[in-house]
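With chain A fixed as given, assemble chain B onto it according to the hints.
Residue numbers (the working numbering), protein chains in the order written: chain A, 1 to 408; chain B, 1001 to 1278.
No lab work stands behind these hints, which were simulated from the structure alone.
Heads up, the beta-carbon is just placed ideally off N, CA and C, and yes, glycines get one too.
Keep in mind that the hints are not guaranteed to be accurate.
[Claimed, not checked] Capping the alpha-carbon separation at 16 angstroms, the derived lysine to aspartate or glutamate pairs in EDC-like fashion look like this:
| no. | chain 1 | residue 1 | chain 2 | residue 2 |
| --- | --- | --- | --- | --- |
| 1 | A | K36 | B | E1184 |
| 2 | B | K1056 | A | D226 |
| 3 | A | K78 | B | E1111 |
[Stated by the list, open to error] To spell it out: a stretch of chain A is covered by chain B in this simulated footprint if at least three of its residues, at any positions, have a beta carbon under 8 angstroms from a beta carbon of chain B; those stretches are:
| no. | stretch |
| --- | --- |
| 4 | 195 to 209 |
| 5 | 391 to 404 |
[To be verified] Cβ-Cβ distance ranges computed for the label pairs, FRET-style:
| no. | chain 1 | residue 1 | chain 2 | residue 2 | range |
| --- | --- | --- | --- | --- | --- |
| 6 | B | P1209 | A | K81 | 56 to 62 angstroms |
| 7 | B | R1099 | A | H92 | 42 to 48 angstroms |
| 8 | B | R1099 | A | Q249 | 54 to 60 angstroms |
| 9 | B | E1111 | A | L337 | 23 to 29 angstroms |
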Amino acid sequence: MARPLLKVAMVGHVDHGKSTLIGRLLLETHSLPDGKAKEIENISKGLGKEAELAYLTDQFREERENNMTIDTTQVFFKTRKAHYAVIDSPGHVEFIKNMLTGAAQADAAILVVDAQEGLKEQSRRHAFLVDLLGVKKLIVVFNKMDLVNYKETSFVEKKSVLLRFLKGLNGRPLNIIPVSAKENVNISKRSTRTRWYRGPSLLEALDALAPAAESSNAPLRFPVQDVYEIDGQKILVGQILSGKIAAGQKVTLLPSMRSAVIRSMKIFGRSPGKAFAGESIGLILREPVSVSRGEVLVEKKCAPVPTTHFTGNVFWISALPLRVDAAVTLRCATQELRGRIIGIRNRMDSSALEILEKRARRLHANETGAVSFVTEKPLVVERSCPLNGLGRFVIEQDFQMQGAGIIS
Amino acid sequence: MPRDQLRKGPAILDHISELENKTIYIFREAHHRFKSTALLWSIGKDSTAMLWIARKAFLGQIPFPVIHIDTGYKFQEIYAFRDRYAKEWGFDLLISKNREALEKGMSPKKEKLACCHALKTEAIKSTLCARGLKALFLAIRRDEHGIRAKERYFSPRTLAFQWNYRDQPAELWDFYQSEIGKGEHSRVHPMLHWTELDVWKYVQREKIPIVDLYLAKNGKRYRSIGCAPCCSPVDSRANTIRKIVKELETTRIAERSGRAQDKESAYTMQKLRSLGYM
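Isolated chain A, as found in the complex (with noise of 0.2 angstroms):
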């Protein structure tokens, strides 16, 4: 079989050692081309520095002068288990929506954490944010073991106030591990530096996630992308969210409830029989009923029931705050609409996970809350476990991404 693609998030605050994790990453398993290590040691020489491994992710000049990754990266490496892509992210509070748009697409993450320091501000922020975006595989490193000797003691006690923190969130790590990016220990095997650890390498930890688990047996989704005319054929295009789907088969379109047939289905060069989750299809139905963007196709004995009331756990980025009774379009999937702010409850700084504010007027940036939204018309939605396209939305003002959601 072939190995599987992981696409991991490392995350933490600044200056806790993600981008040199990733460089050491890269470096245990063999994936730096020829002249790279060379290159890299030439320019930290040309700014006056140590060869520094964050270099092969912070490829800005902006980023290497001032030490600080600015916008999420991917970088590449194989293992013999599997393929990994890591998302590297800014730890700086003002790249949150750069570390965000890096860890919306992860399988899995890695907190990374400074042994001396322990949690900081973004450590419990990216935490959060982890959980909240649905990534439920998450590893802990605390890095940097080097600066306190190794010693177990340390580690220990900072990992009773990471445990106390995450109690808070949905997601458990499936490992915490004593690293030293620099030293490289307990990357790809297990140190004698740590004789008292006696769980596995972070190599070892990365291998043992299972891929990530798949939905065909889910009941059907399948949101309407776009509707084309082909040879005076009406062809319905989408990804299907999850699910399957077969010629001949009833559906249902929501918001309308109305039923339809698939008579056939596209893909180029060949009409497929059935398709599961994941595959962008073409569907041509029976009757000639006018379907348009937006439209949800599912299986009637297991709809969600269409809404224009509902409530999401949302983070807010921008700096402008969300107002209650403020207008916002709402997209999820591929449906947007319209709708208003009614109601804001349990106002939490994202960092910290105290509620500030029961009832609030306001979302700041950084902050998150249970938001109530009323739509001008029904929007189809649902509570989704594991997280799927109908159980998000993002919320744009002024035609720019401004918060993101998970339905409640």
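Leaving out everything else, chain B in the frame of chain A:
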């Protein structure tokens, strides 16, 4: 292969099919959002694979022009390939060429950065304006260059063609920034998540025709192709697609190691791209 899995029941898409389906989704999304779009075809392996997927996304009828930026310095094989498949695959081919700069003698013998900028960036700029295009499909991939790895799927460019890489829009799940201001355009990157190896595996699986400069002759082949004076071949014995896949599974030579514009200095690519280069 997906079709075999269909028979077996609950299907998990194989990795390459997963990449292809996402690319199709991005094509359809951008076409719906921007209406007036075009695809940049350099005739290299990536943009040829992208064009192949565009045919799938639009069920055989690509609803936008396919642009070849002709610097006048491309390999002869590239021109022959272009003319053959434009005819065979039946799409609207548009040649974008900065004749004025060429007449004034612009060539790679002058400064490379200036040449890339004039013959590629300026050429596409004028085509874009003349056609009023809102979005361009480009086959760049994250793994080919560190600067390209920082890209978004939908990446806005200003009126002056600049890439504001310091402040890129958020891109969450399948939601992309698709509102642009007057005179601005979006670069859409449907192949961003593919690796070089993925592309070759796809070329092999789909039997996509490819310019034979990629295949080894006399112990050399091109890993990346562009203008003839600025590309050099690498040592290789891979004279079939199958052998290329095998070679890439073990190589430690960077893909663009034969591309001159990547080498000028550490930040040439950043500079070129911030000015609108591909």
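Against the structure, the hints come out as follows:
1. A:K36 x B:E1184: This hinted pair is violated, its Cα atoms lying about 36 angstroms apart.
2. B:K1056 x A:D226: Satisfied, since the Cα-Cα distance of roughly 15 angstroms is no more than 16 angstroms.
3. A:K78 x B:E1111: At roughly 38 angstroms apart (the allowed maximum being 16 angstroms), B:E1111 and A:K78 break the hint.
4. 195 to 209: It is violated, with 0 qualifying residues against the three required.
5. 391 to 404: Answer holds; 6 residues pass the 8 angstroms Cβ test.
6. B:P1209 x A:K81: 56 to 62 angstroms: About 35 angstroms separates the Cβ atoms of B:P1209 and A:K81, which means 56 to 62 angstroms is violated.
7. B:R1099 x A:H92: 42 to 48 angstroms: Holds, at about 46 angstroms.
8. B:R1099 x A:Q249: 54 to 60 angstroms: holds, 56 angstroms
9. B:E1111 x A:L337: 23 to 29 angstroms: violated, 52 angstroms
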